[in-house]
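Protein chains in written order, with this note's numbering: chain A, 2 to 297; chain B, 37 to 223.
Some hints here could point you the wrong way.
Here's a subset of chain B near chain A, in silico, CB distances under 8 Å, partners left out [as the list claims (entries may be wrong)]: (1) Ser41; (2) Asp62; (3) Phe63; (4) Pro66; (5) Gly69; (6) Ala71; (7) Leu72; (8) Lys76; (9) Thr89.
These are calculated hints, taken from the structure and not from any lab test.
Glycine included, C-beta positions come from ideal geometry on N, C-alpha and C.
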Amino acid sequence: MLDQEGLHLRAAFFRAIRLFFQEQGFLEVDTPIRQPLLIPEQNIVPIPSGTHFLQSSPELYMKRLLAAGCERIFQICHCFRQGERGRLHLEEFVMLEWYRLDADYADLMTDCEQLFGFLAGELPGCIFPAHLDLGWERLTVAEAFARYCPISAAEALAVDMFDQLLVEQVEPRLGLNTPTFLCDYPLELASLARQKPGQPEVAERFELYVSGIELANGFSELTDPDLQRKRFEEEYATMENERGRQKKMPEHFLEDLGKIEQAAGIAMGLDRLFMLLLGRKKIDDAVSFAPGELDS
Amino acid sequence: MYSASDLRKGLKVLIDGAPYVVTEFDFSKPGKGQALYRCKLRNMITGNQLVQTYRSNDKFDKPALEERKMQFLYNQENEYHFMDNENFDQIVITREQLGDNANFLQDNMELQVLLFEDKPIDVTLPIFVNLLVTVAEPWAKGDTSGTDTKPVTVETGYVLNVPPFVVEGDKIQIDTRTGAYVTRVKE
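So that you can see chain A by itself, here it is in the shape it has in the complex (with noise of 0.2 Å):
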């Protein structure tokens, strides 16, 4: 539980990202919460709330919003995933996404650098576990793996090491000076993300790192709704833990992905980085109630 100066500097620091992307011309929007049907992803367990289910992410109603002609938007929303509970994560846990038309992942790291020398400027009681002046690393997952594991980024994920890898070997290590941008990731991961051009066996997705905990998922959307469906029906096949999920197309968010041609998205945990800005260790000490402090 955070204490009065706590929640003090969490207004603040809600305060100056909103400030910081409206000063950026970015309009804030707010969608639904509780979604008839989300986007199919096999490693995220959904918590069903009546005949809906709650966001796990407002990604899809963000790039509708794209579609419908905004060019830049941003959300700060809760969202939920069932069975996320350790010292990073929270079922419920507060996201900030933010999309721009007509750009790519590179336009988004440029976002991540000035957002946090913004914040630096605006909050100065917080601290910052990483150096922001110098240039941020930038580092591909295959550079990672070659650097950091015995063996190499596509021979983990032929033998389903990729994730343990990178949680035991690679994360620990990144963010440590300034902070690191991992990107390039295999198409196989990055279902909504663009193929690199001259590069078909990545994606143009990255995630940032501090102090070796990640803070933000951001890629080059993939444009193409055929694509996508194939995509989606891929997904939908490996996923076994349905809990009573229909596997059913999101068809308005697909037709809408037609009228768009280049856009890309970040998502970005506000907990996590709100506890690095307090020097916190444990998710629960940035938040107002952790999950044990509540009535039950």
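Got chain A sorted already, so can you dock chain B onto it with the hints?
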């Protein structure tokens, strides 16, 4: 049957036929990746450590563990005899299995015995026990060694450091978790 999502600190699971207790636990999940349950576990019989990362579809059996209230009867050499308070069954636990706990056993003491598949593997003592001091050297006045404690032996043969005023025939309270002197007991 437990699944990986049940894992947490203190949970007891069966691995390769042996009971393990989770001593450290962390959940992690790389962005868009699969959930990983990273554990340190201790073999409850051998004490060996195991570091292991589990996935969502991993399953564990519950070990057949049972805790029973028993009374310590007596020991013969390395064999310690206990009696079940309810059905009067008698069991034997070796000195080796008892480890440091053997230092604090008094005749007729009641304690919890942990059984795995009906074989005793551990005992849980009361946190504090009162034991009789059987050997204590008198405090040498003018001792310049600079220490403010001295070693004494209690009725179980256990040797520990106590303040200088403790004498032979005193009862002292000992913390069984640390094996340290707590206070002198007046009876």
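Which numbered hints turn out to be false for this structure?
-> 8
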